[in-house]
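Required output: the full structure, derived from the provided sequences and hints.
Counting the sequence shown from 1 gives a position; our numbering is that position plus 35.
Think of the hints as simulated: they come from the structure by calculation, not from any bench.
On a predicted model such as this, the values are computed, not experimentally measured, just so you know.
Ideal Cβ positions, reconstructed from N, Cα and C, are used throughout, including at glycine.
Check the hints yourself; a few may be wrong.
[Claimed, not checked] Each pair of labels, with its calculated beta carbon distance range:
hint	residue 1	residue 2	range
1	Gly85	Asp109	32 to 40 Å
2	His61	Gln83	21 to 29 Å
3	Gly85	Ala106	28 to 36 Å
4	Asn63	His98	28 to 36 Å
5	Gly85	Leu108	14 to 22 Å
6	Gly85	Asn113	19 to 27 Å
7	Asn113	Glu66	31 to 39 Å
8	Asp109	Asp88	25 to 33 Å
9	Ala99	His61	14 to 22 Å
10	Glu86	Asn113	21 to 29 Å
11	Asp95	Asp65	31 to 39 Å
12	Asp101	Gln80	12 to 20 Å
13	Glu66	Glu86	35 to 43 Å
14	Asn102	Asn79	15 to 23 Å
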Amino acid sequence: MLFAALPAQAATMSGSHAAVARGAVHVNIDELRQKSADLKSKANQLDQMGEHDAANRARDDAHAIDNQIQAYLDAENNA
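The structure is reproduced here in structure tokens:
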């Protein structure tokens with residue numbers, strides 16, 4: 036998953052979608068939240084199977100998505 040850093044004034048929010056005002060980049064926040072939840076669920080399953088390193092990687096990926104979601108929302112709130 037590739038994310039680009041956005042300046043605070045570049046993002047706008049409409050419902051659950053964030054879009055960059057100067058370009059054609061659109062972000063579906065609900066979709067990102069679902070990906071994060073799926074990764075957290077996968078991490079729990081991996082832990083139960085004893086795959087702790089893989090579970091930690093999945094949690095790290097989910098945390099990165101959560102941080103990106105927050106960055107998009109913060110950018111929108113500060114625009």
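**OP:** Give me the numbers of the hints this structure contradicts, sorted from smallest to largest.
**Re:** 2, 4, 5, 6, 7, 10, 11 and 13
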